[in-house]
Each structure stands twice: as C-alpha cells, then as structure tokens.
Amino acid sequence: MTAALALLLGAPAASAAILGLVLPVRRSGRKAAWLSIAAVSSSFVAALWLLRQFIASPEPRSWEFVWAPFGDGAAIRFGVLLDGLSVPMLVLVSGVALAVQIYSVSYMAAERPTALGRYYAYHGLFTAAMLGLVAAHNTLQSYFFWELVGLGSYLLIGFWHQKPEAVRAATKAFWTTRLGDVGFAFGLIFLWSGSGTFVFEELFDSANAGRLSGSMLSLGVAGLFLGAMGKSAQFPLHVWLPDAMEGPTPVSALIHAATMVAAGVYLMARITPLLTLVPAVAGIVLSLGVLTALLAATLALVARDVKRILAYSTVSQLGYMMAAVGASATAAGFFHLTTHAFFKALLFLAAGSLIHAVHTNDIFEMGGLWKRMPLTGACFLVGSLALAGVPPLSGFWSKDEILISLWEGGHRFAFAALVLAAGLTAFYVFRAFFVIFFGGNAGSMKAHEAPSTMTLPMAALSLAAIGGGALGEPIHAWIGASISGPRSGAVEHGADWVPVLATSVGLLGIAVAWLGYSRRAYRPEVWRARLAPVVRLLERGYYVDDAFLAGYRVLYLDLGRMVGWFDRYVIDGCVNLATWVTWQSAGRLRAIQTGRPQDALYAIAVGFLLLICLAWWG
Amino acid sequence: MIIPWLSIALLSPFVGGGLLLLVPARARGALRAVALGSAIPPLVVSLVLLARYDTVAGGFQFVESFSVVPSLGIAYRLAVDGLSLSLVLLTAVIYLTAITTTWYLAEREKEFFLFLALLVTGVLGVFVSLDLFLFFLFYELAVLPMYVLIVVWGSSMEVPARGPFGWTYRALRVGGKEYGAMKLTLYLLAGSAFILVGLFLLWVEGGRTLGQPTFDLVALRDVAFPHEIARPAFLLFYVGFGILAGIWPFHTWSPDGHASAPAAGSMVHAGVLMKLGAYGVLRLGFELLPAAAAEFAWIVGTVAVINIVYGAVAAGWQSDIKYLIAYSSVSHMGLVMLGMATLTAPGLSGSVFQMVAHGIMTGLFFTLVNLVYHKARVRDMKEMGGFAQRQPGMGTFFVVAGLSSLGLPGLAGFVAEFLVFLGAWSSAHPWWLFPAVFGALVTAIYVMRAVRRIYFGPAIQRFGEIKDLHGMEWVTPIVLGGLLLLLGVYPRLLLDSIQGGVAELLARYGG
Amino acid sequence: MTLERILILSIVLFAIGLFGVLARRHLIAILLSLELMFNAANLAILGIAWHRGCLAGALIVLFGIAITVAEVAIGLSLFLLAERVRGVVHADELSDLRG
Amino acid sequence: MDWRAAALEIGVLALAIIVLSYDLVVGEARRSARRHAWWIASAGLVGLLAASFSLPVGITFTEAFVQDAFSLFVKQALLVAALLSVLAAGPWAEQRGWSQRSGDYLVLLLFATIGGMALVSARELLTLFVAFELLSLPLYVLTAIEKDRREASEGAIKVYLFGSVSSAAMLLGIGLVYSAIGSTFWLEARDLSPPTLASGVVLLLVGFGFKVAMFPFYIWVPDTYEAAPTPFVAFLSVAPKTAGIAALFRLHFELLDGRLPAVAVWIAVLAAATMVVGNLLALHQSNLKRLLAYSGVAQIGYVLLAVAAGSRLGAGMALFFLVGYLFSNTGAFLCVAALEAAGEEPTATGAANLIRRAPGLAAMFVVFLLSLGGIPFVLGFWGKMYVLLAAGAAGMWGLVFLAAALAVVALFYYLNVVRSIIAVPNEGGKLVVPRAILFAAAFCAAIVLAGGLMPNWFVEPAMRAVAGF
Amino acid sequence: MIVADLLFFILAAVMIAGALGVVLSRSLYRAAFCLAATLVASAVVYLALTAPLIAAVQILLYTGGLLTLVVFALVVSGSTDNPQPWRRPVPALVVAVLVGVALMPIAWQVGGTGAGRGGLDDGVELGVLLFTRYLVPFELLSVLLLAAIFGALTVARRERQA
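Protein chains in written order, with this note's numbering: chain F, 121 to 738; chain X, 1320 to 1830; chain B, 3 to 101; chain L, 24 to 492; chain H, 19 to 180.
Just chain F, same shape as in the assembly (with noise of 0.2 Å):
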C-alpha cells in the first residue's frame, strides 16, 4: 500500500524534478513528454488500485512524520490520509492529467523541444502538488500543497512568457488566488490556536469535543473559505480565470476546469465535520456560491471568446458546488466536482482541438465546423449536454443532486437562484455550440480533424462525461463511510419534480440558443443592442476588475510610492539632515582656527574661565 502510495504521488513529482534539473532530458523534448506521461500514468494505476483497496475495506487510513519541530516536543507533522474523500479525488486528478499530458503532445507539437520539456515538467509540478494536497492529512500540508498548485497554475498560465497577456494573466492568477491563501493562513493559525493541531481528525475531535469552539472555529473556517473561494474562483476572487485562458488550452483543461479550481470545494468538503458546526459560516459559502454561480452565467452569456465562456462556466459551475457543500450536502458537492471535471476537461479540449485547428478563440469567427471536425463537434455536443443538465447525462445527475438538496435543505431562494442559473447555463453554451458549429461564418475552411493523440483522451473524456452519473451512488458511500455529517449520506428522493424543472429549464436553454443562432428566429444582436447598458455592464464583469484595480493602483502602487518617497526624503532626508548638519558646523568650527597667534591665546582665557566657573559652581 505505501509502495502504492509512494509511486502515486512520487511518480509525477520525480518526472518534474529529472525534467527540470537535467537538462538533456528536458531539451529531448517530445521523449520527456512521454516520461512524464508514463510517470503520470504510473500514478493514475496507483491511484486506481488504492480504489480499489479502499473499496475492498472502507475505513479511513492515514500516515505521519514529523517535518518542522519547533521546540518542546510541538512540531509540524505531514502526513497522508487516504479516505473516500480524498481516494476517488486522487484518480481524478491522475486521470485528467493523464488525458490531457496525452492530448498535449499534439497540441503543444509546435513548441521547441526546450520548451515542450518545460511544459511536462510544470504538468509533472503542478500533478504532484495536486496530488499532495488531496492526500493532505492536514491543513497546514493542505496549505503547502495549494500553494504549490498555484505555482504551477502560474507557470502554465504563464507558460509563453513572451507573451505579455499570459505572463499579466499568471500574475494576476497568482496575486488573486494569493490573496484568498492569506486566509487560509489564517485559518489553519486560528484552527491551530484554538486546538493545537492541524491535523484534520484531531482538529474535528477537539471541534467536537468542545475545545475548538467560538470565535477560532469560525475565524478559521471562514479563513478557510477565503483561501477556497479564491483557489476556486468565487466571486469576487473569480477575477483571475477568466483571463487565465490566456495559457494553452490543456492547461485551462487541467487546471482550471478539473482539478485545481477544484481544490476550493475539495478543502470544503474536507472540512464539512467543522462546517457544519459554524451554520453562520456554512451559510455564507452557500450564499457566495449561488451568487457566483449565477452571475458567472450572466458574464458567459455575452463572451465572444470560446475559452472564456468556458472559464465563466467553470465558475458558475465551481459556485453549485460550493453552494451544495455550504448546504452540508457535501456528496453531492463532490458528485459534482467529479462530473464536472470529466465534462469540463472534455469541453476544454475540444475547444483545443478547434482552436488548435482554426487559430482563432472568437466563436464568431469560426463557424460551420461540424462538417470539417466532426469527431470534435461530437465531443463538445457530449460536453455541452452533459453542462446543460440533461438526461441522462453525468451533469444531470450531478446538478439535480445538489439543486434538490437546496429544497430538501430548505434553501428555497438558492434553489430557485440555482435553476435559474441552469437555464442560462444551457443557454450559453449552445449559444456556443451553434455558433461554432453551425455558424454563419465560414472563414476557417482549412480546419481539419484533430490527430488521434488530441481525440483519444476526448473520447476517454466524453464516456466518463456520458456515464459518470453512474458514480452518484459509490460517491455518496465512500464519503458517508468517511466524514461524519448530518446530511452527506444519500440524498433522500422526497422531490421528485425537481429533476424535471431542472431539465425542462435546461432545454428551455438550449431551445432559445437554437433559435436564436442557429434557426435565427430572433437577432441575438438587435437584442445586444437593445440591452447595451445590460451587456456592457456585463462585459466589464460587473466592475470587478475594475475594482481590483483601482484597488490595486491605491493600496499597492500609490501606498508604495509614498511610502517609498517618505522612506527616501523623509526618513533618509533626516538622516542626511544630520549629516549636513554636523559637516556644515564643523565647517563654521573651522573658523575659530584663525591661524592667528593672539585669537589663540584668547582660548587660554575663556578655557581659564569656564574651568574657574566649573569651580564655583561646578
């Protein structure tokens, strides 16, 4: 079992380290490419026969050891806890990275062998520090991990460092993300002060026991949100994924649809056995959620560029899941990361394949491809339906899980809010399907057929995407048989005509993005026009970034150089003041060196005097 558990996370980091420190394997190019697909799918097989292990004997396994003492018998222990939880996450994870590490050697077949090394070794990076962090036994380790993930983020989103856009977006990916992992620190040191630990079962003992209680329990998991919501992109830290689609397409697929946009609800569902002790809390990160995941709708609704309605879709998405782990239905969060991942990953290479074909992001621009790219076209279709929500796709059951948890749960405006999102969910990505597919412009007319290595992972992709509602039920078992909750065992069919709003509400979508794109029963662009405060508001994403910015400019740039001037001409003026000083009245002393014989004997006198007054009165 630890050997297994040795290859799996070993496996990839091992491939990132020989990849980045020895350079002619790193210069070899397209032979690294396969070493760390072979690495990764050496992990993916760990990951699987840890699975299967844990369904053999369902019970929470973990491993320790110290890393950072400080003193007194206190230290920092690492360690890895193998549950429901975190099992199926860790074939997932491998999973998807091996999909994409595969479809990335055609992809990426036109980079220089140098760099093409560089990008397995990010991938081999980014999948061990993905896999770190959901074998994370702690938070602190989590922490570790997640920061790391960000760092790959950052490197892949910046992966054409020449490339201004992408090395802006990766920087803004990583300030933003950054800035929700303060949080986290502060929640793992409030958990930490309350409790004294960071491992997660003791910190659930002492939580339950009454010692973590109060204020830290809620500082901390609220901390802990924080650090979610900008790993997973909730509003308003979703800033940064919408531009990271400036790094190569597998990477939007890996990271940020799959995994590591994942993390967020991951470490929530982590911690459910906390949140539900801090309802207040919970509340908030279902609040938050419903609230990305329609207003993240809203923003897909208007993009032009293809990778972009993706990533709002991604957010909208990552908001159902991060409402349905605030409502404590935890499984069916995870249900629907997991469907997700499957459906988003194929979305996004399929959006690689056609942009790898017609070199262009804008829907607009492309259009009639169904003919040209069918296997393409079949696979998005496959990836649409299922975000649609509509039966029997993965989505479906994914979404209905949570949207009926809301109701059971009693949330009746975030069910309603939720619904409402599903419709426009529908709506925008058949407003990109037909576009793409069955658009009127037909500039891209080269297009053809991606190689075998890009399809074969999306035919992979689309029957875990087609069938992956088969796993509702397994899920619900590993995490029941592993995080105790009042609500994560299976969800009890009390209301039956959800699904069936849920559907009908996603063909409605579907219905008026066919009409409006594709039958051009309506002029989307006279209704553009007609809504133009509407849809700039919403192309500006509600200001955000503006925000962000000026925030930004006021509180780093303006603060710095103020800062910066004061430390400089005040601070240092002073300094320089007294030296001035002390130089100019050594000058002026210099006068009383008259260099004349008489001016000198003056100084026996006065120093007579003052040693004659010391005298008196000294």
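Think of the hints as simulated: they come from the structure by calculation, not from any bench. Note that the Cβ used here is the ideal one computed from N, Cα and C, for glycine as well. Just so you know, not all the hints are guaranteed correct.
Claimed, not checked - Sample of chain L residues at the chain H side, in silico, Cβ under 10 Å:
{"id": "1", "residue": "Glu32"}
{"id": "2", "residue": "Leu43"}
{"id": "3", "residue": "Tyr45"}
{"id": "4", "residue": "Thr85"}
{"id": "5", "residue": "Lys170"}
{"id": "6", "residue": "Ser176"}
Said to hold, decoys possible - Some chain H residues well away from chain F (every beta-carbon gap over 10 Å; in silico):
{"id": "7", "residue": "Val32"}
{"id": "8", "residue": "Ser45"}
{"id": "9", "residue": "Val58"}
{"id": "10", "residue": "Ile77"}
{"id": "11", "residue": "Pro109"}
{"id": "12", "residue": "Ile167"}
For chain F, the structure is supplied; the task is to place chains X, B, L and H on it using the hints.
What follows is chains X, B, L and H alone, placed relative to chain F:
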C-alpha cells in the same frame, strides 16, 4: 584528541587572507584557488558540527577557551549551540558562494578576496564567540571591510534631490558609492556605540555581582541583572544590533549600501551580516536579559511588523532592482525580529530559521541581480524585459529566490515565515499576525511584478545577446537555490538543532 | 602691606599683562607683556612665602625668574627668526596656517 | 637617596652631551660624520630602553623625585617616542638640507625627553614646573628647526606664545597650590585650603591643558604640527601628551587624593568638549598633518575620560591607551613623513593610490589609521575600549556614549583617507621612501598589530604600573 | 606701619603705571623701560618682603638681563615704528578684566590681612635647600637653562650654507 573545530573554521578565512598576500597579484588562478580553499574548511566544519552536535544534550558545545586579558575577564572562548550552528553553516555557504560568484572578477582580485575573507572572519567570529568582548571585537571587524569593498568594487547611481531635505542630497552626493559605503559603515558603527555601552553596563554589573569582572556569556547568564541595568542595556542592544538588522527607522543604510555594493559584498552583508544584528539582539538581549526582553518585547515586535509592512510596501516603489532587493531584506528582517519578539517556541525557531532562509535567499538574489547588471549594464527594471528568453537559467533561479521570499511552500522561506506567523498569533500580541501576513501578501505582489518586468514579456533588442550563466557562475545559484529547496522540503536539517537552543532560551523565561 | 593687597596688586598686574598679550601687535611688546604676567605671578608667590615665612616660596620665585629669562631668550630668538625669514614683526601677520 | 631613580634622566643627559660633543668636535670637521650622530643617539636610546627594564622601582632620588613602576612605564614610552623620532629625522634632515643642525635637533629632543621623564617622576611642585618647562622650551625651538621655511617661525611662535602664557598661568597656579597645601612637596600637604587649592588646580590645568592639547588649549596644535618637520611632529604629538596625562594622574592620586572631587567633573566637561571639537574640526581637513593633529586632540578627549574616571582602573587603561596612541599616532606621522620624503604633498590627494605606489607604506598607514579609529585587531581598538570601559565603570555612561558616537564621526575622516589610499586613482609612479622612516613605521606597525592580537602584553604592565596608586 | 603702607601704595602705583606703560606705549623702547620700572619696583617690594636675595636677582638677572636682551633684539631688528600698536583692544580688555575679576577671589581666599612672618632673607638656608631637598629641580633648571641657551643659539645663529 580534541579538534579545535571552531578555530579551524574561524581562522581559515583569516589564514586564507594571509596567504593571499603572499600570492602575486598576477597569478589570478592561484588567487582564486586560495580564496576558494579558505572557504572549504568552514563549510566542512559546519557540516561536521551539524552532524556531531548533540541535540539531546543541547547547550554550548565544542567549547574552546583560553584567557586573553584575565584581569578584565576577557577570553578567547568559542562555542556553538543550536542557534548559532545554523548561522555558522549559513556563513560558510555564503562565503563559498560569494567567491564563486566573483570568480570572473577582473579587477584587483587579490584585494577583493582579502577583504572578503576579513569580512567573513568577523562574521564567523561573532557567531562562535562565547565571550562578549570577543563578540564585539569580531562584530566591529565585520563591519569595516565592506567599506572598502564598496568604494573599490561598487557601483554608483543617481538619486534625484527632492523632498524637504533635498538640498542636502546634492551636497552629500547621495547615491554615489562613496556615499553608500560611508553611510553603511558609519551607521553600523554608530550602532556599535550603543552595543558598547550596553556591553560595559553588563560587565560592570556582572563584575559586581560575580565578584570578578567577566565577559563570559555563560557566566553572565547566571547574573540576575537588576532592572535599572537590564532595561537600558536591553534597549541599547536592541537599537545597536537592530541598526545592523535593519530595524525601522534605522534601516536606510541598507538600500543605499547594498545597492552600491558588489555582488559578493551584498551577499555576505545582506545575507549574513544583517543576521548578525538579529543574532546579537537574540543572544545579548533576549538571552542575557530575559526580564527586560519580556518587558520590551512589544516594542521589538511592533517595530518588526512596521519593518515587514513598510519594507514590503516601499519595495513596491523601487525601480532599481538592487534597491528592491534591499527593501525586501528590510521587510524580511522584520520577520526575524518579529519571531524573537513573540517569545514563543515557533516564533523563535522561525526567527532563526528565517535568518538562514533569508540569508540564502538574499544571497541568491544579489548574485543574480549583480549578474544581470554585469551582463546587461542595467539596474532599472523599467528598462528591462524578456530576459528569460536569453537567460533562462538566471530567470529560473530568480523565480526560485522570489518564491522563497514570498513564502512559497517547498522553499525555505515558507517554513520560517509560517513558524513566525504561528508564533505571532500565539504571542502576547496576536495582532502582529495581521500586518505580518499583509507584508507577505505585498511581497508576493512586488516579487512577481519584478519577475514579470525583468524576465518576461517580449525580448528587448537593445540588450542583444545577453548571456546566461556560464562556468563557475552556475555554482552559486545552484548551491543556494538547492539549499532553499532542501531546507524547504526538509527543514529538520536545521530545526532539530535550532529547537533545542530555542527551548533552552525559553526556559529562561520560565518555560 | 598685607598679603591681600599684594595679591590684589599682583592680579591687577597679571590682568594688565594679559591685556597686553592679547592686544599688542608687535611680538616684542607681547613678550614684554608676558613678562608682566610672570612678574605678577612671582610677586604673588613671594607674597605668600612672606606671609607664611616659608623659604620654599622664595625658591619658586627664584626658579621662576630663571625660567622666565630662558623663555624670553627663546622668544627673542624666534622673533629674530621670523623677522629675518619673513620680515614679520607683528604677531597677527603670522597667519598663513589656519583652519 | 638612590641615584638609580634618576638613572634614565642621567643617561639621556649623558647621551645628549655625548651627541653634542661629537657634533661639535667631529661633526664640524667631517660632514658625513653628522650622520653618525643619529646612529649614536639611536643606539644610546635603544641601550637606555633596554637598561630601563632592569631598573628597580619604588625608589626615590630625593623626596622630590620618585621612580615607581608608573613613572618607569611612561619613561619607557617616552624613550620609544624619542627613538622613533630620531630614527626618522635623520634621513629627513638630510633631505631637507638641515643636516648641519642634526646635533641641535638631537640634543634638544633629548633635553625634551628628560623634561618629560622628570615630569612623571616629580613629586614636588617646583620639580614639576621645571620639568614642565623643560618639556616645552626645546619643542619651541625644534618646531623651527627648518629655519628657512616660512612656516617654521610661524608655527614656533604660535606654540611659544601659547606655551608661555599658559606657563605664566601655571606658575601662578603652582604658587596657589603651594599656598593651599603649605609645601611644595605634595606628599607633605598640610593645613589645606580647598578654595585656594581649587583655584590653583584650575591654573595648573591651564598649563596641562596646553601640554596635552585639551580643549580649549589645543588651538596651537594644528598650525604647529603643520609647520614642524614631520618626524618631529611624531614626537611632539605623543611625548608631551603622554607625560602630561601621566603627570595628571600622579597629581590626581598623590596631590588631590580625593581632596577636590569636583575636578572629575571639570575634566569630564573638558573631555567631552575636546572629543567633540577635535573630531568635528578634523572632518574638513585635507592636509594629513592637520587631520592627524585634530584627531590627536580627539584622542586626548578619550583618554581624559579615564582621567575623569580617576580610578586606578582608569589610570591603567589610560596608560594602555597612551601606548596604543603612541605607536599608532607616531606611526601615522611617520607614514606622512615617508610620503613627504618621497616628494608628495602631505594631503589626501598626495596619498591617493598609495596602495599601488608604495604598498607596504600604504598597508601600514591604513593600519595606523584604523588603530586610531579604534578598529578591532589593532592596538587602538583595545585602547579605546578600555578607556571607555574605565569611564563606564566610573558611571560616566553619557560620556561613554558620546565618545562611542564621536568615534563614528572620527571614522568618517579616517576612512576617507583610507579610501584615498586604496581607491582613488593617482598618476604618479612608485614612491621611493627612505628606509629608516619605513623601518620606524614598520616597528610601530608590528607593535600595533601584535598588541592588537595580544593586548595583554601591554594591559598587564599598565595595570601593574598603576598598582602603586 | 603707615610708612610701610604708604611705601607700598607708591610702589604699587609705580608698578601699575609701569605695566600700563608697557601695554599702552607706542614706542617699544618706552615700553621696555616701563617694564624695567615695574620690575624694579617689584624688586623693592621683594626687599620689603624680607627677600633681599630675590630682589637682587630680580634687578640683576631679570631686569638687567631681560632688558639687555630685548633692547638688543630691537636694535637688531630695527623695527620700532608702530603705526598700529594694538589689535582689537576692546575684547582684549573685556577678557583681561574678566580674568582679573575671576582671579580676584583668590586674594581673599588666601587671606592674610596681618603682617607676614617674613624670614626669607636666610641665604644660607636657601643654599642648603637648593642642594638638599630641591636638588632635583635645581639640576633640572640647569639643564633647562642649557637647553634654552642652546635652543636660542640654534634658532638665532646664522650658519654657513651646507
């Protein structure tokens, strides 16, 4: 047989300096070989000591002692404990890499290596001294060679004369290397004036209590200094050593000095010498005067968080890359000081660990920055861009250093920073945590901004074919970057011995 | 004739001598004023010796006179040197070196 | 009555007479013989120095003249100072064209040395005064020994006038002290009159102020140093100060003996002012001789702290400091002398790039400057530390701090010279330096470095020397 | 007693007048003779203070020797014309007065309103003292005088050019 490990380590650079005098200035290969040779023993010794240090027994080990001025209680007493051991290792590493980073220096190498060796002797001496007078002596020795290093091998820049005291700037030629060198030296020696007075206070009072005057640290530890001695002494040590550690508002020597200094000078100075200030506060202030330290910890900590935030924010304004690094040092030294002010086990461990981490990190930074300057003749970030395309190696290491400085896990900076955070929150003044974390956030902003401005984006034609690292230039970044990684992944390498020292120190505060 | 009066007289002479030393320009005039000061000191000391009836004081005066003469000899030679080499007889003209 | 108590004085006197006779008899006949006078004097001084270590201590010649460990220690220092000056002045005289006055130089220098030695042995006011004058008069003349230079008479007249007026004051002071304690032998002090004593001591301090160049009686110092031949300045800047400070300590312990505690305050005030003014005035100097002159004033400020401390520790530390000062300051002036002898101006510009033009000289000069600046591993560091330690032990923390802070200002000008030597370019070629001067400087450098490593070689004797007080 | 007092006042007046003459007269010769007057008057006071030996020395050595030297120097230099004999007399006066005032308390501190004990006229005793207790200063004085003569010669003599 007892091997005088510490003397070997201490005298090696000194003897190396002496040997350098014998080598003719034209034999450049031999000069470098001698310099490098003098850097090997300290490194070997520190590794040996790290391996042989008995973490269970703790305390001062490898003691060497003989009397120098018995009537005044001055002796040549050397020893290391868990706290100083790491710093000795740091010094050895930085010395070695400072030499390799200057490998291709083509201007008066002989003198350069000589002064560098003197500087390192001073630094090592402080870390291994068990006698306070010896401590002070080495401290003063460590301050001075930097002056020569800067005025001969440094570089100047323009600082526009502005502000309320702008008229003084032109008169003092602010920005010139002479200015930077003099400011650094005098500022630090002014600090030593404070230290001196504090030291003598302890000597006088200790002599009164013990019956005979002594500068022995161990003996003085047993003296319960009365408040009217301990309070001023602590403050004197704090300000005196603090100047070297860059405490606000006495930090302004650091940007000017480090910006003017040559690579190896900045490496040793920012990398090790500033630690020496912090170490002084820790040893003389916190260890010898626990009561006063506990009383004034709030000042130390509050100033430290000012340092953290102020340094980080001020760094944001700098466009000169050396100033940027210097301000980041000011900010990071704040973490060191904050860690000790917390008076908690994690805080103190983090403080010492941060000394090492920051030493390595800033050494790496200064190496790279100076190499950039050396290769492209530019220091202003506004004029840079796209260097990563021509210098992927340097870019990589710069990013590594930057990530360590912003506290990315997996690199040494994280361990230190996090331990300090834990300490801050569990200290008597938990609010320190918030500005400290804010500082870390701002660090992320300016570091990533610098990375972006220097290395990323389209290549600028003006710089043509600037070269990446080559030959010996690789050694420094690889060693330092590797250490950052190693310590970040396996912090126990040092923490095992540090925690023993910390525990002993805390025992003086009543557990 | 009391010691007090002698001392007052001596102090007055001392002060006059000091004035001369400070105010006269010619080097020889300064030397003469200097002699006034020495003489004043001698007078005071002898007064004290007389008051106490102690020969040691007289010895001091004796020595003082001798030393004064020696000083004047040196001073005059230096004056002559200055006069010869620089053609300067006034003290305040000897101010090349300053600062 | 043990003549050995005055053996050194007698020896130096004999040496002076030998040199004088040699110069008169042989020197007039053969010019080359003049050079031998220097060697005779040097050898004689070395011999006396060597002999001094076998002299007994704790003996008196008359009750006016004592030879204790304290005075012997200082006398040895004075002999060394004289020796160094003699060694360096020979080639200098040759070069400056006054070798015909070699005999005069040597005799006068030896007379001054006798004065200095007698000053520290004196236990009687009259002896003190005569010795004091003996340490003054030859110096006036020696300042003008390069008679033909314009500055010679100026410098000499300045120091002469200053010295004479202050000795007039001192004469009055002697009388007043005599009146206050009822005897010229201060160990026999009786029927004490504190107010008179105070006035007398004030006037005595005026005289000593001139001698040791304390504020405000230092004004003559820079001009005279600049005017005088540099090898002589090496003596002038050291010997009177050493003897004066030592005599002050003797007065403090034997004459005052706690009778006038306020003196400590006066001296402390003067010490502070001396440090401040000396250091500030040195800041702007470009002429090395003036710079060293002012820095010497500042150094006296430090040592006055030890005087103000008034403790036995202070006395020992002051002696130790003076030894450090002796070698560092003499060495520095010798380096300047070497620079001048090689044809350069005695300025920072003249010293530029010295490290290339005369590496050995440059290295020594830097060592001396650092020693004066109080940098570790050279003698000066320990001296300054110890003086401050003594002051601290006496509770004068404010002054300790002031001194330490001013030492930083001092480093500014020392470092500027160092920078000039090391980092400022200069077109000139290699410098040719007379070997005797280099040798003397090297001797100083060796002591400064050795003492820096093993300060105890000097601290212990200094502490033994003051054990009698 | 009154006679003695009267004598003293007359002498004092002479001395002060002489002193003022030294510092005020334009002619250096006059100044020199004013100084001589003061010194001689002092010698008379010394006589009154029962110290005839000192008085003799004062007149012979001091007044005579000194005056000779000074006049000699004046003659040699030949520079007696003195268009501006004083420099900045006002600050000098202020300082001199201040110093005088500062010294004045000594007169009362040392005290002594009564007649002195005198007895300074024992020449033999003086000689004995010189060769016993005061041997050291006496010997030193001889060295000092030697040094002074030697020094004065060194400075003053003209050499053959080397």
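With a cut-off of 10 Å on the beta carbons, see whether Ser176/L makes it to chain H.
9 Å, holds
Minimum Cβ distance from Ile77/H to chain F greater than 10 Å, as the annotation requires
Ile77/H clear of chain F: closest Cβ-Cβ about 29 Å, beyond 10 Å.
Against chain F, does Pro109/H hold up as non-interface, every C-beta pair farther apart than 10 Å?
8 Å, violated
May I ask you to check that Val32/H keeps its beta-carbon over 10 Å from the closest beta-carbon of chain F?
26 Å, holds
Interface hint status, Lys170/L versus chain H (Cβ within 10 Å)
7 Å, holds
For the hint on Leu43/L, just tell me whether its beta-carbon gets within less than 10 Å of chain H.
Holds. Min distance 8 Å.
The output says Ser45/H does not contact chain F. Does that hold with a beta carbon cutoff of 10 Å?
20 Å, holds
The hint names Thr85/L as touching chain H; please verify it with the least Cβ-Cβ distance against 10 Å.
Holds, because the Cβ-Cβ distance from Thr85/L to chain H comes to roughly 5 Å (cut-off 10 Å).
Restraint satisfaction for Glu32/L [CB to CB of chain H, less than 10 Å]:
8 Å, holds
Ile167/H non-interfacial with respect to chain F [C-beta, more than 10 Å]:
Label holds. Min Cβ-Cβ 24 Å, cutoff 10 Å.
Next item in the hint list is Tyr45/L. Is there a CB on chain H closer than 10 Å to its CB?
15 Å, violated
Confirm or reject the statement that Val58/H sits farther than 10 Å, beta carbon to beta carbon, from all of chain F.
The claim holds: Val58/H sits with its nearest Cβ about 27 Å from chain F, beyond 10 Å.
Consistency note: the structure conflicts with the earlier hints numbered 3 and 11.
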